[in-house]
Amino acid sequence: MLGVPRDQRTESAECLIREGDVVIVYERHDRMKQATVCKGKEFQNRFGVFPYCDWIGKPFGSRVVGKKGIGFVYLLKPTPELWTLVLSHRTQILYVADISFVVGFLEIGPGKVVLESGTGSGSLTTSLARSIAPLGHVYSFDFHELRAEAAREDFKRNGLGSLVTVAVRDIQGQGFPEDLVGRADAVFLDLPQPWLVIPHLGRYLEGNVPLCSFSPCIEQVQRTCEALTSNHFTDIRTFEVLLRSYDVRTQTFGSLSMTGVKEEIAAENLSQVRKLSGQKRGRDGLKQTEPLVMQGHVLTTEEVTNGKECIPALSSSSDIGLSKNPENTGVERNSSERIVARPYPETRGHTGFLTFARQGSNLN
Amino acid sequence: MSENSSETRSKRHMGTIVIEGSSILLDINHGDRFTFARAHTSSMVKLGNVKCSLAPLIGCPFGSIFEVSKDPKGPHLVQVSQDKEIQSSNCNKTEVHGVEELDICSDRDNRDLIDDNTAQSLSELEISYMRRDGASGTKIVEALIANSASFQNKTTLSQEKYKRKKQKKHAPRIVVRCPSARRYLRMDVLALLLSLANVGANADVLLLDELGGFLTAAVGERLGGFGTICSTYCASKVPSLGMLGLFNFTPCTSSSIFCAPLFELIQARSSISTAEGNHEVSAKGHSSTEADLHSTVLPESPLTALLPEQQTKIAGSLLDESEKILLVKGAQLETRMSKSLKASLIDSSIGFPVRVEMAAQEFSCSYQLNGEIEFPNQCTVDAKSQLQTFSLETDNLVGEGSIATVGQLDVDSQTHQLQGEIKNRTNCGFKGTDDMVHTATNAESKHDSQDKSLRAGRRASANQVAYWGRHGFSSLIVGAPEMDPLSVCKRMLPLLSPSAPFVIYHPYMQPLAECMHHLRKERMAVNLQLSEPWLREYQVLPSQTHPHMQMSSTAGFCLSGTRTV
Numbered sequence: 001m002l003g004v005p006r007d008q009r010t011e012s013a014e015c016l017i018r019e020g021d022v023v024i025v026y027e028r029h030d031r032m033k034q035a036t037v038c039k040g041k042e043f044q045n046r047f048g049v050f051p052y053c054d055w056i057g058k059p060f061g062s063r064v065v066g067k068k069g070i071g072f073v074y075l076l077k078p079t080p081e082l083w084t085l086v087l088s089h090r091t092q093i094l095y096v097a098d099i100s101f102v103v104g105f106l107e108i109g110p111g112k113v114v115l116e117s118g119t120g121s122g123s124l125t126t127s128l129a130r131s132i133a134p135l136g137h138v139y140s141f142d143f144h145e146l147r148a149e150a151a152r153e154d155f156k157r158n159g160l161g162s163l164v165t166v167a168v169r170d171i172q173g174q175g176f177p178e179d180l181v182g183r184a185d186a187v188f189l190d191l192p193q194p195w196l197v198i199p200h201l202g203r204y205l206e207g208n209v210p211l212c213s214f215s216p217c218i219e220q221v222q223r224t225c226e227a228l229t230s231n232h233f234t235d236i237r238t239f240e241v242l243l244r245s246y247d248v249r250t251q252t253f254g255s256l257s258m259t260g261v262k263e264e265i266a267a268e269n270l271s272q273v274r275k276l277s278g279q280k281r282g283r284d285g286l287k288q289t290e291p292l293v294m295q296g297h298v299l300t301t302e303e304v305t306n307g308k309e310c311i312p313a314l315s316s317s318s319d320i321g322l323s324k325n326p327e328n329t330g331v332e333r334n335s336s337e338r339i340v341a342r343p344y345p346e347t348r349g350h351t352g353f354l355t356f357a358r359q360g361s362n363l364n
Numbered sequence: 001m002s003e004n005s006s007e008t009r010s011k012r013h014m015g016t017i018v019i020e021g022s023s024i025l026l027d028i029n030h031g032d033r034f035t036f037a038r039a040h041t042s043s044m045v046k047l048g049n050v051k052c053s054l055a056p057l058i059g060c061p062f063g064s065i066f067e068v069s070k071d072p073k074g075p076h077l078v079q080v081s082q083d084k085e086i087q088s089s090n091c092n093k094t095e096v097h098g099v100e101e102l103d104i105c106s107d108r109d110n111r112d113l114i115d116d117n118t119a120q121s122l123s124e125l126e127i128s129y130m131r132r133d134g135a136s137g138t139k140i141v142e143a144l145i146a147n148s149a150s151f152q153n154k155t156t157l158s159q160e161k162y163k164r165k166k167q168k169k170h171a172p173r174i175v176v177r178c179p180s181a182r183r184y185l186r187m188d189v190l191a192l193l194l195s196l197a198n199v200g201a202n203a204d205v206l207l208l209d210e211l212g213g214f215l216t217a218a219v220g221e222r223l224g225g226f227g228t229i230c231s232t233y234c235a236s237k238v239p240s241l242g243m244l245g246l247f248n249f250t251p252c253t254s255s256s257i258f259c260a261p262l263f264e265l266i267q268a269r270s271s272i273s274t275a276e277g278n279h280e281v282s283a284k285g286h287s288s289t290e291a292d293l294h295s296t297v298l299p300e301s302p303l304t305a306l307l308p309e310q311q312t313k314i315a316g317s318l319l320d321e322s323e324k325i326l327l328v329k330g331a332q333l334e335t336r337m338s339k340s341l342k343a344s345l346i347d348s349s350i351g352f353p354v355r356v357e358m359a360a361q362e363f364s365c366s367y368q369l370n371g372e373i374e375f376p377n378q379c380t381v382d383a384k385s386q387l388q389t390f391s392l393e394t395d396n397l398v399g400e401g402s403i404a405t406v407g408q409l410d411v412d413s414q415t416h417q418l419q420g421e422i423k424n425r426t427n428c429g430f431k432g433t434d435d436m437v438h439t440a441t442n443a444e445s446k447h448d449s450q451d452k453s454l455r456a457g458r459r460a461s462a463n464q465v466a467y468w469g470r471h472g473f474s475s476l477i478v479g480a481p482e483m484d485p486l487s488v489c490k491r492m493l494p495l496l497s498p499s500a501p502f503v504i505y506h507p508y509m510q511p512l513a514e515c516m517h518h519l520r521k522e523r524m525a526v527n528l529q530l531s532e533p534w535l536r537e538y539q540v541l542p543s544q545t546h547p548h549m550q551m552s553s554t555a556g557f558c559l560s561g562t563r564t565v
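Respectively, the protein sequence lines represent chains A and B.
Going by full-length UniProt numbering, the first sequence wraps up at 364, each residue one higher than the last.
Going by full-length UniProt numbering, the second sequence wraps up at 565, each residue one higher than the last.
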């Protein structure tokens, strides 16, 4: 998953898929899975069957077709952001909005040592490992032995084994291990009751080391902030981060004629297009692109798959010929296709509050 | 990881205290104003209407708070403890954050408050007398509280606000902070860009940074020297990346930040097999092919070709006949000796200082070009002629405009004859004649300053550009509000290696929506996402928890995706 120093790079290691590699299989928008390449086995999804041996030797980023030419997927190189979207959820995880903010605000960079509790499913941990590579380390703790082991395996598979140490420990009850005193450059807590740990964190945070605590409930945040204040922490700040995603599509809009009549022409064209394109529907996950001929002019139709709907859209290229169509006299160009965007109605909402603080610096 | 804790702690302190000469960020009155400053004993800062020296800040840890204190010698900064509170007998509580203080249930409210400026009995004149007599800001604020008729009747929260307001005016405070790139763009947006672009060790990040250079700085901070950054530009003049100097980069980090014009990168990428596609190569008598150039091993001591204090003549035409450029008459070239000591992280090439003297007969002025000859990673030794080929690159030499002189020189290791061709690039140029004689000597001068030869944002060498052309960049970040994102994508996505992530930041959504639509249509990328980051800060206090009243409504949009083959 991580970049390799230049002098150790070989063409194949960087770009080409090999046996044993973890691959992100991109099926369509909002649908990705992880796969480990294993000769002789196959990857199956609703679109087709994909033998792994077909993938070996191909560069990451390739589009591969399934058996008998049915179905296709893209094979992507794992990054911590993609991993967050494909990992198996053993617990509720953090997503890129919170993760990126934490890494940025805690000023995590190469060589730093980060303490984390709890590991959970390893979503944040993977990003932390990427940020501290190659010389830093992440000490991650979880009180659940099986989950800790699953996380360890994930890190190993992704080549992060040397950067992350996962230990089974109840941080809330026992605090961090003694041998990590004075070694941390940042501490992250995702605990049900972080205020129990805060009074004991002083020694680990000496030297203006920043702390972050993640809690879904406002009551937890209040008790955490109280504990921080009474333990002489400073720069206490609480945030909420969200990402608003936009749905981008093309759409025709009706317009009114001089007499106030709604122009129906564009809609007619659209239904014609729909009829014709229906016949050309392929069995792939993504619909095929087919040229259509209408009234002697070539139109390119294309269906843009996004979200849950598929909308047939006319290409915005200038050879559309719509305005030349005899049926369309009087239709303004601007009543045809436009690229529009609006937020998705359903979106990921609240995950949690992020509270940051620093141990007060000592005066000489 | 086996260092003992005190060693680690002191090591960490090195990065967390103010070092003399370093760049620092002054946070005045808790976020009211931010200024950059240099931590010199002679630096001053203006607080209110007094100027104070920054000398007391040197050696203190970041996060330390300072206040102005008057004494006979003049106003100066003293460090204060953050626990220090303004004491006031009128204050009706002991603990600000004690759970007992439930402001909502208190019996005080503002129903009797008349806002007509008569509550304060201390006059402006009396306050100025106090100041003149050396009263500290804190004392003045305490006096104001004592003389306020309405203070007693204010709610606790109101009293706090009053105290804070007076304090900001009469006892301003400075918090010294470490400069960090996250203070420019809204911090969540910047952090998101870095994550979406998978900025991590050993990355080769391509940047189109038209935001003043701080995107470059942020990526530089995050890479910490492990990897390379190419801040590219499309204008003919190199954009100023002066901001990079404000971030106290280590030489390691500085040396990983390059700039290169976009046309060069595109050329290198489209002609992947030719490394010197951008340079006029006509090595006279040199018989190796370009392929050879990349197949041999770096000689053990390439410097033996140029012995110290030996004059080596270069004969040959300075420029192609077809490329004559006019010299600005009378231009004096700056002489600068810089010893280049490249860190092992960069490109495995060893820089070597060379003084090239060129006598321009036509204009009767002699000038010297000082620069570096970079020995490429692989250079070839032709057994017959014993020529070693080096590429010459000097940069930023002239007072006006910038000259980049590039070329290829062949050195005969026997006769120490150098020959080759040099071409001038960009603004200022000179007219060449066939009779120009170039002499090259090597000079073992000391560092002028390591910063200059490894300064952040210096021009990438031909080798470096060729490397990026061959392998592609591992990710792309674009922050160019005045460029059309689609056009940028069409030209720059091909520069990425396959399956590389990219993210484009833009203040407006519609251009990104159009770009996204076309990328999808042309199948140039997958996992496309148009996002708007949203950030809200909360005030968390007992019974007073609510989001801040001030909020940033928007800070731009990001289009992210992964390049497909």
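Worth flagging that the hints you see were computed from the coordinates, not collected in a lab.
Yeah, the Cβ is synthetic: ideal placement off N, Cα and C, and Gly gets one too.
Hints may be right or wrong, so weigh each one.
[Claimed, not checked] Computed footprint of chain A on chain B, listed as stretches where at least three residues anywhere in the stretch have a Cβ under 8 Å from a Cβ of chain A:
#1 121-133
#2 191-197
#3 218-229
#4 489-502
#5 527-533
[Claimed, not checked] Here are the simulated distance ranges between beta carbons:
#6 A:Q251 / B:S270: 44 to 50 Å
#7 B:T118 / A:E107: 48 to 54 Å
#8 A:T36 / B:S543: 51 to 57 Å
#9 A:Q251 / B:P507: 49 to 55 Å
#10 B:S121 / A:E107: 45 to 51 Å
#11 B:E124 / A:E346: 22 to 28 Å
#12 A:R338 / B:E482: 46 to 52 Å
#13 A:R18 / B:P507: 25 to 31 Å
#14 B:N110 / A:E346: 42 to 48 Å
#15 B:F263 / A:D54: 49 to 55 Å
#16 B:T545 / A:G57: 55 to 61 Å
#17 A:L196 / B:S543: 33 to 39 Å
#18 B:S487 / A:R338: 33 to 39 Å
[As the list claims (entries may be wrong)] Straight-line C-alpha distance at most 20 Å; calculated EDC-like pairs for lysine to aspartate or glutamate:
#19 B:K46 / B:D32
#20 B:K169 / B:E126
#21 B:K165 / B:E20
#22 B:K165 / B:D115
#23 B:K521 / A:D170
#24 B:K168 / B:E20
#25 B:K165 / B:E126
#26 A:K39 / A:D7
#27 A:K39 / A:D54
#28 B:K139 / B:E160
#29 B:K168 / A:D54
#30 A:K68 / A:E42
#31 B:K521 / A:E153
#32 B:K163 / B:E142
#33 B:K169 / B:D133
#34 B:K161 / A:D30
#35 B:K163 / B:E20
#36 B:K163 / A:D30
#37 A:K156 / A:E337
#38 B:K165 / A:E149
#39 B:K521 / A:E337
#40 B:K161 / B:E126
Going through the hints against the structure:
1. Check on the region 121-133 of chain B: 0 of its residues sit with their Cβ under 8 Å from a Cβ of chain A, so the three-residue criterion for coverage is violated.
2. Figure legend: the region 191-197 of chain B, annotated as covered by chain A; annotation consistent (5 residues with Cβ-Cβ distances under 8 Å, at least 3 required).
3. With 7 residues having a Cβ less than 8 Å from any Cβ of chain A, the region 218-229 of chain B passes the three-residue criterion, so the hint holds.
4. Here's how the region 489-502 of chain B fares: 5 of its residues keep a CB closer than 8 Å to some CB of chain A, so the rule of at least three is met and the hint holds.
5. With 7 residues having a beta carbon nearer than 8 Å to a beta carbon of chain A, the region 527-533 of chain B meets the requirement of three or more and the stated coverage holds.
6. About 37 Å separates the C-beta atoms of Q251 of chain A and S270 of chain B, a value inconsistent with the hinted range of 44 to 50 Å.
7. With their beta carbons about 49 Å apart, T118 of chain B and E107 of chain A fall inside the hinted range of 48 to 54 Å.
8. Evaluation of the 51 to 57 Å hint for T36 of chain A and S543 of chain B yields a pass: the beta carbon distance comes to about 53 Å.
9. A beta carbon spacing of about 24 Å between Q251 of chain A and P507 of chain B contradicts the range 49 to 55 Å that was offered as a hint.
10. Taken as a hint, the range 45 to 51 Å holds for the pair S121 of chain B and E107 of chain A, whose Cβ atoms sit roughly 48 Å apart.
11. Remark: the range hint 22 to 28 Å for E124 of chain B to E346 of chain A is contradicted by a beta-carbon distance near 59 Å.
12. A hinted range of 46 to 52 Å for the beta carbons of R338 of chain A and E482 of chain B is inconsistent with their spacing of about 23 Å.
13. As the Cβ distance of R18 of chain A to P507 of chain B is approximately 42 Å, the hint placing it in 25 to 31 Å is violated.
14. Checked against the hint of 42 to 48 Å, the C-beta distance between N110 of chain B and E346 of chain A comes to roughly 44 Å, which is consistent with it.
15. F263 of chain B and D54 of chain A have their C-beta atoms about 38 Å apart, which leaves the hinted 49 to 55 Å range violated.
16. As the Cβ distance of T545 of chain B to G57 of chain A is approximately 57 Å, the hint placing it in 55 to 61 Å holds.
17. Under the hint 33 to 39 Å, the C-beta atoms of L196 of chain A and S543 of chain B, about 22 Å apart, miss the expected range.
18. Our hint of 33 to 39 Å for S487 of chain B and R338 of chain A is violated, since their Cβ atoms are close to 19 Å apart.
19. As the CA atoms of K46 of chain B and D32 of chain B are separated by approximately 14 Å, the hinted pair is consistent with the 20 Å bound.
20. Annotation: proposed proximity of K169 of chain B to E126 of chain B holds, straight-line Cα distance about 16 Å (limit 20 Å).
21. For the proposed pair K165 of chain B and E20 of chain B, the alpha carbon gap of about 33 Å is over 20 Å, so the pair is violated.
22. Taking the CA atoms of K165 of chain B and D115 of chain B, the gap is about 16 Å. The hint holds against a cut of 20 Å.
23. A hinted pair counts as satisfied when its Cα atoms are at most 20 Å apart, and K521 of chain B with D170 of chain A does not qualify at roughly 51 Å.
24. With a C-alpha separation of about 28 Å, the suggested pair K168 of chain B and E20 of chain B falls outside the 20 Å cut-off, and the hint is violated.
25. The suggested pairing of K165 of chain B with E126 of chain B holds, with an alpha-carbon distance near 19 Å, which does not exceed 20 Å.
26. Only pairs whose Cα atoms come within 20 Å are accepted, and K39 of chain A paired with D7 of chain A is rejected, the gap being roughly 29 Å.
27. For the hint pairing K39 of chain A with D54 of chain A, the CA-to-CA distance comes to about 9 Å; that is within 20 Å, so the pair holds.
28. For the proposed pair K139 of chain B and E160 of chain B, the alpha carbon gap of about 16 Å is at most 20 Å, so the pair holds.
29. Using a Cα cut-off of 20 Å, the hinted pair K168 of chain B and D54 of chain A is violated, with the two alpha carbons roughly 68 Å apart.
30. With a C-alpha separation of about 14 Å, the suggested pairing of K68 of chain A with E42 of chain A holds against the 20 Å cut-off.
31. With a C-alpha separation of about 38 Å, the suggested pair K521 of chain B and E153 of chain A falls outside the 20 Å cut-off, and the hint is violated.
32. Restraint check for K163 of chain B and E142 of chain B: satisfied, since their Cα atoms lie roughly 9 Å apart, inside the 20 Å limit.
33. Of the supplied pair hints, the one linking K169 of chain B and D133 of chain B holds, its CA atoms being roughly 18 Å apart against a limit of 20 Å.
34. Of the supplied pair hints, the one linking K161 of chain B and D30 of chain A is violated, its CA atoms being roughly 48 Å apart against a limit of 20 Å.
35. At roughly 34 Å between alpha-carbon atoms, K163 of chain B and E20 of chain B are farther apart than 20 Å, so this suggested pair is violated.
36. Pair hint K163 of chain B plus D30 of chain A does not hold up; C-alpha atoms about 52 Å apart against a cutoff of 20 Å.
37. For the proposed pair K156 of chain A and E337 of chain A, the alpha carbon gap of about 49 Å is over 20 Å, so the pair is violated.
38. A distance of roughly 54 Å separates the Cα atoms of K165 of chain B and E149 of chain A; the hinted pair therefore is violated under the 20 Å criterion.
39. The suggested pairing of K521 of chain B with E337 of chain A holds, with an alpha-carbon distance near 14 Å, which does not exceed 20 Å.
40. The straight-line distance between the Cα atoms of K161 of chain B and E126 of chain B is roughly 23 Å, outside the 20 Å bound, and the hint therefore fails.
The structure shown violates the earlier hints numbered 1, 6, 9, 11, 12, 13, 15, 17, 18, 21, 23, 24, 26, 29, 31, 34, 35, 36, 37, 38, 40.
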